[in-house]
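**Student:** Take a look at the letters that make up each chain.
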Amino acid sequence: MASVPPSARVVVIGAGIVGNSLVHHLARLGWRDIVQIDKGPLPNPGGSTGHASNFIFPVDHSRELADLTLDSMRQYREMGVFTESGGYEIARTPERMEELRRRMSSARAWGIEAELVSPDHVVVKVPFLDKNKILGAFWTPSVGVVDSLRAGTLMREAAMALDALTVVPTVEVTGLDVEHGRIRRVRTSGGDIEADTVVIACGVWSPRIAAMAGAAIPLTPAVHQMISVGPVPQLAEREGEISFPIIRDMDTFCYERQHGADMEVGSYAHRAILHDPSEIPSIEQAKLSPTEMPFTSDDFDPQLEQALELMPDALGADGAEIRYAINGLLSLTPDGAPILGETPEVKGLWSAAAVWIKEGPGVGRAVAEWMTHGHSEIDVHHSDIARFHPHQRTRAHVRSRTSEAFNKTYGIVHPGEQWAGDRGKRLAPMHAAEAEAGAVFFETAGWERPFWYASNEALLGEYGDAVMPREHEWDARWWSPIINAEHLAMRERAGIVDLSAFAMFDVVGPGACDAVQSTVVAQADVAEGRVIYTPVLDAKGGFRSDLTVMRLAHDRYRVVTGGAHGMADLKWFTDRAGDRAQVVDLTSAYTTIGLWGPRARDVLGALTDDDVSDSGFGFLTCRGVEIDSTSVLASRISYVGELGWELYVPMEQGARLWRLLHEAGRPHGAVPVGIGVYGTTGRLEKGYRAYGSELDAERTIVEAGMARPKVKAADFVGRDAYLAQRTAAPQAVLCTLTVDDHVSASGVKRYMLGGEPILTRDGATLTDGHGHHPYVTSAGSAPSLGRHVLLAYLPPDQATVGNGLAVSYMEELYPVTVGSVDATALFDPANERVR
Amino acid sequence: MTSVLVCVKRVPDVSGEVLLTADAQAVDARYVGFTVSAHESCAVELAVRVAAGDGATVLTLGPAEAVEQLRSALGVGCTAATLVEADTAGYGPADVAREIAAVVADHEAAGRRHDLILLGNDAADTGDFQVGIRLAHELGRPVVNGVKAVEVADGVVTARGDGPDGGVETFRVPLPAVVTVLEGGVEPRYPTITGRMKAKKVAVETVAPHRAPDGPGRVRLTLPPAQPSSVEVLGEGPAAAPAVVDLLHSLGVSR
Amino acid sequence: MILVMAETDAGGVTEVSRETLTFARALDEVHAVLVGTAPDGAAAELGAYGVTAVHHAVGEAFSAYGGAVWATAVRAAQAATGATAVTAAGTPRGNEVLAHLAARLGVPMAANVVATSGDAASLVVSRQVVGGAVLERMRLDDRPAVFSVAGHAVEAHPAATAAPVEVRELTPEVTDADLVARVVSTEPGEPDRSGSLRSARVVVGAGRGAGSADGFDAVLELAGLLDGALGVSRVVTSLGWRPHHEQVGQTGSRISPDVYLPCGISGAIQHWAGCESSKTIVAINTDPDAPMVTRATYAVIGDMHEIVPAISEEIRRRRG
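Protein chains in written order, with the working numbering: chain A, 34 to 868; chain B, 14 to 268; chain C, 419 to 738.
To be clear, the hints were calculated from the coordinates, so they are not data collected in a lab. Every residue gets a Cβ at the ideal spot worked out from N, C-alpha and C, and that includes glycine. Do not take every clue at face value.
Claimed, not checked - Which residues of chain A face chain C? A partial, calculated answer using Cβ under 8 Å: (1) Arg42; (2) Leu75; (3) Thr199; (4) Gly352; (5) Ala358; (6) Tyr623.
Claimed, not checked - Pairwise CB distance ranges (calculated): (7) B:Arg224 with A:His424: 33 to 43 Å; (8) A:Arg42 with C:Gly642: 43 to 53 Å; (9) B:Ala166 with A:Asp346: 29 to 39 Å; (10) A:Val157 with B:Met210: 27 to 37 Å; (11) A:Glu504 with B:Glu218: 51 to 61 Å; (12) C:Ser535 with B:Arg224: 44 to 54 Å; (13) C:Arg734 with B:Pro237: 49 to 59 Å; (14) A:Thr207 with B:Ala37: 50 to 60 Å; (15) B:Pro237 with A:Ser40: 52 to 62 Å; (16) A:Asp346 with B:Glu218: 30 to 40 Å.
What the hints assert, rightly or not - In silico negatives: residues of chain C with every beta carbon more than 10 Å from chain B: (17) Asp446; (18) Gly477; (19) Ser544; (20) Ser566; (21) Ala595; (22) Gly646; (23) Ser684.
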């Protein structure tokens with residue numbers, strides 16, 4: 034029986050690709066006394082790494098995953114365990130060809146060499162593929178395979194060579210001890226280890242281990258079926274593990290990957306087969322390994338036929354037999370992103386889970402940097418474990434979303450696509466009234482939010498072509514011209530917006546001011562009743578968030594932030610509150626209703642006797658107003674560039690306030706307005722930046738054009754870095770661009786949706802000072818300008834108003850012109866309307 | 014022209030630690046899935062070879078899910094399949110033999126005579142060692158047990174197996190006959206993709222049991238107690254090599 | 419009274435049959451059946467194991483082995499004696515003959531019994547199923563009770579006092595059908611490629627831990643240095659890494675070398691069944707809790723890919 038050291042600086046649980054990468058990078062960053070344990074033997078402890086197909090396609094629509102993958106490929110190459118094979122993603126349908134064109138956008142945006150090629154190009158390299166079955170392919174020459182087990186061994190050895198690491202295989206975790214909210218001890222079958230920092234890198238077992246500490250890692254083990262067919266004579270002719278490019282048969286959700294004389298055929302087409310972490314067999318109970326479950330052949334049969342159809346001569350060759358077939362377990366998460374970072378429940382307990390081979394070493398580096406410095410070079414906020422709202426940590430939610438997501442692994446997923454399952458779980462108090470008004474609900478953080486209202490269809494007649502209708506189905510999917518009509522009605526009269534999905538928390542106590550002041554960039558030591566809008570930075574000066582803060586009392590601040598990122602903000606503030614302040618989550622206590630437009634003051638004035646005049650209720654102030662017997666906290670702020678307020682009321686009074694606002698608004702022509710306006714058209718006309726689109730940890734205040742003349746004297750997280758950024762020349766500049774001509778070669782007007790590369794007018798690549806290529810961070814209609822607006826970080830020498838460039842959309846170029854090179858809005862640049 | 018019937022049984026594909034169901038009446042297969050015994054895989058291989066172009070029928074008695082095992086056999090060359098749909102747990106070896114015999118009789122009445130019936134020597138789960146012999150008694154046919162090679166010529170089946178003292182014993186019996194097969198004489202083939210697709214298209218004949226079973230006499234299953242370990246660990250890693258060589262010397266197997 | 423079908427070879431009553439006699443003796447008075455030619459002294463040896471009467475079937479019908487005709491002899495002895503139980507060793511022949519007998523009598527048969535309980539009216543046996551990994555408790559209500567005794571269920575030892583043996587010649591009536599399936603010839607057999615494995619004094623074993631079809635070079639080298647043979651686990655042949663004739667296990671070769679060195683073999687029950695007769699087992703495995711390690715005589719913990727070459731190197735070094 035193996036035994037473990039009695040204490041450690043950090044315990045890493047798991048010796049798969051993630052745990053191995055992590056111990057290597059921790060050691061490299063100076064950590065010592067690292068203890069790594071696994072319940073299985075080395076080098077293959079029996080987790081998902083051991084049966085992975087080990088190939089890597091770098092292009093992903095997510096920049097975060099693409100960057101983690103590129104970093105991982107670099108590391109695999111450096112270790113000498115990467116074999117480049119090239120890879121084709123093939124299209125059997127016109128819809129897929131269009132998706133491959135969209136994939137080209139992502140490849141250009143992330144700077145990955147790729148090419149759309151003809152079937153002939155494919156059969157030159159893969160002669161046994163039937164070219165009549167395909168229309169074309171997306172060729173990525175840098176695709177390859179890795180030896181992930183060897184990589185793991187090398188990384189452990191590197192850490193051991195630094196005398197930083199003790200590895201103990203074949204010990205099982207039996208408990209995690211938490212004291213006063215902090216991890217203290219790992220109990221194992223080989224003894225206890227005292228440690229203040231523990232990382233769970235246990236893949237499909239992670240939820241079970243986390244639960245021992247009362248923490249949640251919301252992933253589920255799910256089956257990915259794979260068979261190995263061979264010997265295939267065409268493959269056997271060549272030496273080595275792989276010499277033919279890997280084929281991803283995107284329309285059948287399958288891949289064909291050479292492995293010596295055998296062809297591995299894997300599938301994401303079968304029904305979602307989910308397991309429970311507690312129902313994974315032990316090494317002794319398993320037939321092969323714990324994560325190689327018995328093959329269910331019926332589920333795979335349709336794929337056999339499709340694979341044979343594609344490669345009849347190879348897969349149908351004499352003697353090519355199905356010699357190995359598994360239901361391999363891998364980790365799926367409700368939103369498809371990994372689960373990284375310190376758990377919100379337990380200090381010192383970290384997660385590094387739901388990571389695939391292609392991201393492993395990159396994630397290892399990012400998490401090690403995060404543990405060391407508090408931030409990572411690659412922004413991984415989409416993967417932050419703190420992102421989950423309570424309902425997103427439930428088993429039912431995880432199973433619903435992962436079931437739905439599984440078949441989207443190779444699917445064509447529209448950027449606006451909505452989930453079908455586990456909907457209707459967080460309802461605003463005015464939900465019934467909204468539904469009655471024909472609200473089309475989109476989901477954010479579980480909340481059902483009206484994106485537009487069918488009841489506003491009449492406005493389409495009123496505004497005619499000003500609503501900028503879209504001809505192409507893809508551009509118009511998950512969209513409605515009603516959004517633009519609502520926008521125009523709001524700008525002309527008034528709009529009432531349901532903002533219930535806001536996350537909201539109070540920072541209270543004698544240290545509240547210090548806590549907020551040291552966390553946010555803007556001056557927070559302001560008079561009671563002041564509202565501030567402020568970036569929140571990490572220590573290297575990258576964005577952690579942007580949000581609004583109201584000073585409600587000398588010892589009470591209220592933070593209002595977006596629902597999607599709200600839980601991560603909550604943890605960020607909680608971690609920095611200190612002993613003299615507390616952070617109290619109020620998200621489910623208050624609902625928020627936005628009232629904006631030139632008639633907003635008339636509407637609110639009709640409901641209250643309080644002074645709502647500009648002199649009596651100035652911009653960026655907040656205070657209580659009485660509306661009938663309801664006490665409302667009103668804040669004069671706007672994310673759409675109009676006069677108006679955000680109105681906060683207890684949840685149970687939200688429906689009533691909603692009704693009163695509509696009754697009072699009707700004579701003024703106020704209409705309900707959806708998130709399509711609030712989140713896109715209204716803000717883009719005003720050039721307002723959004724966290725997650727324009728703002729993330731790899732962007733700076735200066736590059737985002739959000740620098741104010743002065744920096745407050747008080748210290749705050751990221752201040753030193755920010756001061757340095759202010760004196761250095763920016764490497765990129767966030768600009769607003771307008772599309773000059775929408776007509777495609779086929780005569781259809783096209784409208785970009787975001788993610789597209791910005792090129793020169795004649796299609797040449799642009800590169801900023803970071804070595805990045807510009808791409809559209811946000812795109813949308815600006816109905817009041819009659820233009821389609823794009824935001825993008827441009828190289829500084831391209832950031833001049835009037836500069837003519839091009840945007841590539843579905844592999845066609847459309848001319849664009851730079852309209853703004855800072856935060857100056859294209860619409861109402863003097864900001865007169867909010868007054 | 015030899016028409017062959019081969020009988021298989023859906024059994025848990027156990028390898029490491031065995032789990033029992035909560036009622037201790039069966040092995041829990043949830044982590045390992047199901048298969049047929051290695052003996053039966055060889056019987057299927059022999060059936061396909063012997064039947065050549067004439068077609069081999071595969072039969073099983075089991076739950077609806079046992080179609081999976083029939084399809085596996087169809088995938089490697091059997092051409093027809095029959096499922097006697099029944100809860101295997103309630104059937105003893107005599108019951109199973111009787112049901113197979115009933116199918117053979119029904120097939121014969123319908124003009125499908127099975128000249129040669131192949132079975133595995135024993136099922137991997139119940140290890141009864143008798144279904145083939147009981148089947149032969151039901152049918153009034155000769156039976157050869159535990160052989161590794163089977164050939165048919167001129168209405169005579171020649172079967173070879175290992176004798177008790179290492180020699181190869183030959184049996185020669187006229188058809189129709191029953192033969193049970195031991196693993197090791199032939200390499201069972203794996204399915205090809207085309208084989209698997211053909212298998213998918215074969216209509217499986219499903220029949221109800223002929224009569225109520227008498228049962229297997231099973232009271233319950235238990236797991237034998239683990240043996241206490243008395244292993245002496247010579248060391249860890251390559252550093253233990255000298256100790257291993259010392260040991261090999263002392264055991265007299267290395268100069 | 420319990421009737422035991424005893425098997426013999428040139429050395430007399432086989433060890434497993436003597437185990438069966440030892441097992442049966444604890445239950446009741448024992449008679450034995452011998453079929454066909456038996457070596458001199460077999461009856462006396464049976465007597466030493468407590469058999470009070472030997473029923474010896476002789477004649478041309480029994481000159482060659484056949485399950486059916488042997489069962490006819492056993493049936494005749496049972497009918498003549500009224501034995502309430504009939505048993506034999508759980509060998510291929512033992513099981514086969516008992517199965518024929520049970521089929522003819524229309525009674526159940528329990529194979530590979532390791533223990534019995536209950537009384538004459540309701541006998542309950544424990545028998546090995548699932549390759550010995552599981553025990554089944556099974557009722558044997560019919561009489562005679564027919565069951566075979568698993569190898570190693572008990573250790574063979576003679577009775578405290580040898581009974582005087584009465585030998586009764588048995589000449590049962592044999593039908594034509596009884597004689598259809600008999601051994602027509604026995605040859606030494608073609609050179610069996612697994613023969614060297616079964617006769618080797620040293621076997622080096624390799625399992626899934628070899629990693630791939632290319633992972634056997636080191637174990638083959640070590641086997642060569644020790645004049646031994648390579649044996650592999652089931653998964654290795656299933657994956658097509660090595661041929662079936664190298665497989666050690668329940669459905670492969672059963673080996674009994676002086677030293678068995680299983681490398682990277684976890685020790686699944688099927689494999690254990692094939693190697694448990696090894697005199698000394700030296701397991702090399704990364705997992706100290708693997709069944710093969712805990713059951714071995716000696717073990718080295720670690721990666722076979724590092725340890726096996728080190729052992730070979732050490733042997734070469736000492737040999738100069």
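**Student:** List, from low to high, the hint numbers that the structure doesn't satisfy.
**Tutor:** Going through the list in order, the structure violates hints 1, 3, 4, 5, 6, 7, 12, 13, 14, 15, 19, 20, 21, 22 and 23 and respects the others.
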